[in-house]
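Colleague: Residue numbers (the numbering used here), protein chains in the order written: chain A, 1 to 294; chain B, 1001 to 1466.
Derived by calculation from the structure, the hints in this document are not laboratory data.
One thing to keep in mind: the hints can contain errors.
[As the list claims (entries may be wrong)] Covered by chain B, according to a simulated footprint, are these stretches of chain A (three or more residues, beta-carbon under 8 Å):
| id | segment |
| --- | --- |
| 1 | 33-44 |
| 2 | 61-73 |
| 3 | 102-108 |
| 4 | 144-151 |
| 5 | 242-256 |
[To be verified] With a straight-line Cα cutoff of 27 Å, these simulated DSSO-like cross-link-like pairs (lysine-lysine) come out:
| id | chain 1 | residue 1 | chain 2 | residue 2 |
| --- | --- | --- | --- | --- |
| 6 | B | K1463 | A | K67 |
| 7 | B | K1310 | B | K1328 |
| 8 | A | K197 | A | K247 |
| 9 | A | K61 | B | K1037 |
| 10 | A | K86 | B | K1171 |
| 11 | B | K1212 | A | K67 |
| 12 | A | K61 | A | K230 |
The beta-carbon is built from N, C-alpha and C at its ideal position, and this holds for glycine as well.
Residues per chain are reported as follows:
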Amino acid sequence: MKKLCLAVLGIVLLTGHAMASNLEYFKVYTPKQGMSADEIMNIEYFVKYTKFAHDASFYGKAYFIDKSGSVRERETTRLRITLGRKSDDIAYKDLVMFTAPAQVKGLATLTWTYMNPKKEQDTWLWVPSLKKIRKISAANADDSFMGSDFTNEDILTRRFEDEAYTLLREENFKGYHCDFTKKTYYQDAPCFVIEAKPKRSPWYYSKRILWVDKATGAGIYEEMYDPNGKLFKIIFKKFQVYNVNGKEYPAQELLEGKDLRTGHRTVITNEDIRFDIGIPEDQLTEQKLMQSRW
Amino acid sequence: MVKKEEVMKKSVFVVLFLLSSSFAFAEGQFDFSGYLKNEIGIRLQDFNGDLQKFKNIAEVAGEYTVKEDVVLFAKVKYWYDLMYDFRSQYDKGQDAMGHIQRTDWLRDCYLDYTNGAWFLRLGKQQVAWGQADGITVLDRVNPVDLSEYWLQDFVDMRIPLWMANVNYAPKLNSNLQILIIPDFEQSTSAPIGSPFTTYAYTRYDNWKESMKRIGGSVDENIYFPAKKFENSTFGLQWSDRIGDLAYTLNFLDGYYYSARNTTIGLGGVRFKVDRAFKRWQMYGSSFNKTFTNPGFMQGITLRGDLALYKHEPTYIGDPVTASAKEIKRWDNVFWLIGADRYVATNWLLSFQFAQYILDEAKAKDNTRPVQQQYPLNPFTYGPADQVENIFSLKVSTDFMNERLKPEVLWSFTDDNQGRISPKVTYEVKDNLWLTCGIHYFYGDLLDSNGQYREQGQFYTQLKYTF
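The shape of chain A in the complex, shown without the other chains (with noise of 0.2 Å):
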């Protein structure tokens, strides 16, 4: 009997699954009153990987502050086409080349993500000291994510099914000031409050708390605890909402990520950013790598 209810619910988590992950591709949603937590959380992925778009490139800047307020910097440009390819399993490919400093000026990493999300990522990377591509391992998920306060999971490849959600109330988000811009953002936006555990245990945070922008479904600021379930991290995340072929695309233009133990942050700005450009498919390969000339 214990193991008829077991699967039964096991069934009943598989098909909450299949639903909450069932968001068809290339569309906008936004959260709506009365959802629950994991359809919440599900398009706030959504957004957070702009499954909404064909492709997208950004220009973007990244700044390393430590404590003493010593600044270090890259410029990054970025692709991404989306493609939630079922006879591939390849749900979007991403391709980051570093444009600055020169020191870095060259190195590119290429990453083609799957829809199966027990799957991990295929990484290549363009070594500009070697003018040789390298297939990398995954670097693991609670590894820094190119030297920030943001792990790879952070970024890349934390998804729904890695967490587990509770909705614990809708507020209005008290406004977040950051000391980069020097300008507060998102005060009294309406927002739904969800708790996330990740799933896998014992992990470097035992739960995020999640400020959800009622807008556009965005993730705006998250807190993260330790496993003694101290704060340890923030991350703020600010959106502006593009009108691309009459259709509202949300889209991070500045990130701020707050290590609470060293004092160390990084913010992240994503300029000039354009969707739906038609970017070819073909600009996203091993063998487009190859030629990188820097």
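Position chain B relative to chain A; hints supplied.
Modeller: Relative to the frame of chain A, chain B by itself:
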């Protein structure tokens, strides 16, 4: 003839440079960057301050986008190793190093043209084949500069060549590459008297000097391939995927970049040494695959190279006296498999195993005495195993948000010889990087790494980028 060619190459570059400069202010069309670098190497043994290098390097690269599908790219580099001025013991090598400095300056100069499935890169360039890290199994398209053994970055070690690099992608994730290389440069080795002069070269030079001392002569001749189209190097690579396994098939036909010496006695203590380049072929394949699906292999990347070196010029002689007697054209095999994986968050472990398999353990049709029929290590003229097992292990990680990057490379063979190279790179500022490290060599004097067992090095590199 050589001078005329040099003038032509320089003219091409100057025209490209002026063209680029004239458009320098066209917004978004011109891009450049470069660096200034100082490298100091100090001999580790006894740590008595012997300077092994004091190299200052300046490099500038520029890219000019003529239009969306046409891009010009050029990179120039100048370096000067003051060590050859500081220490009289290296005087003998100064001319040779000066030559490398003079000929090495144009690193890239090409035009890229893209049209649908076609991609052309025409001009002076490097082409890197294969998946091996630090070992050239398939990476044989360009000759190499071994003036610092295998210690430089590969981008600096490969000697670029003028070529047509034609690519056609018939379908997504596939590519056919055709290389036509009318240019020829020989691989360079460290000059006599420098820290990384090969043992074979040192012995040869000693022999030459001893002949001179007793009134003899050694007449050296080097025969480069005639400048004819049929003497070009031709290359072909097909790359594709089968599921999530990426593979290539490779073929290269050209002149071997290292001349092989043939010594002819002219009577008494008079000798003639003919240095000639032999034509050879390489047939090969490479693959890479990351295990992405759940299971015990998940997260591991496997990669490999396999090459058959057809007619590879191989020295035969007496390994005990380190004396080369003859060159055989053997069909040798070189293969490698590597595995990479991240562990404990951000520690990357990278392991490689390779085998270099000679056609024969001993020359069969040799009329020389038995002790002179063995294959030789080309660096030392010491013994070469028919099957040489080569291992390498690299461990790297980072601290302080990737500001501090330690790395250790240990490469070794089953003959108890190898190299251990730990290094640490620190990002002082965005544009200023400092690297400190050690190269420690061990093994028998007649082994590739063991020949440098007295040349262990502590080094620093300070790099300013712009």
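Colleague: None of the hints should be skipped; say for each whether it holds.
Modeller: Results of checking the hints against the structure:
1. 33-44: Violated, because only 0 residues of the segment 33-44 of chain A bring their Cβ atoms closer than 8 Å to Cβ atoms of chain B.
2. 61-73: holds (count 4)
3. 102-108: Since three or more residues must qualify, the claim that chain B covers the segment 102-108 of chain A holds, with 3 doing so at under 8 Å.
4. 144-151: holds (count 5)
5. 242-256: violated (count 0)
6. B/K1463 with A/K67: 25 Å, holds
7. B/K1310 with B/K1328: 11 Å, holds
8. A/K197 with A/K247: Between A/K197 and A/K247 the Cα gap is close to 33 Å, so the pair fails against 27 Å, i.e. violated.
9. A/K61 with B/K1037: 26 Å, holds
10. A/K86 with B/K1171: Measuring from Cα to Cα gives roughly 19 Å; hence the hint holds.
11. B/K1212 with A/K67: 68 Å, violated
12. A/K61 with A/K230: 30 Å, violated
Hint violations for this structure: numbers 1, 5, 8, 11 and 12, all remaining hints satisfied.
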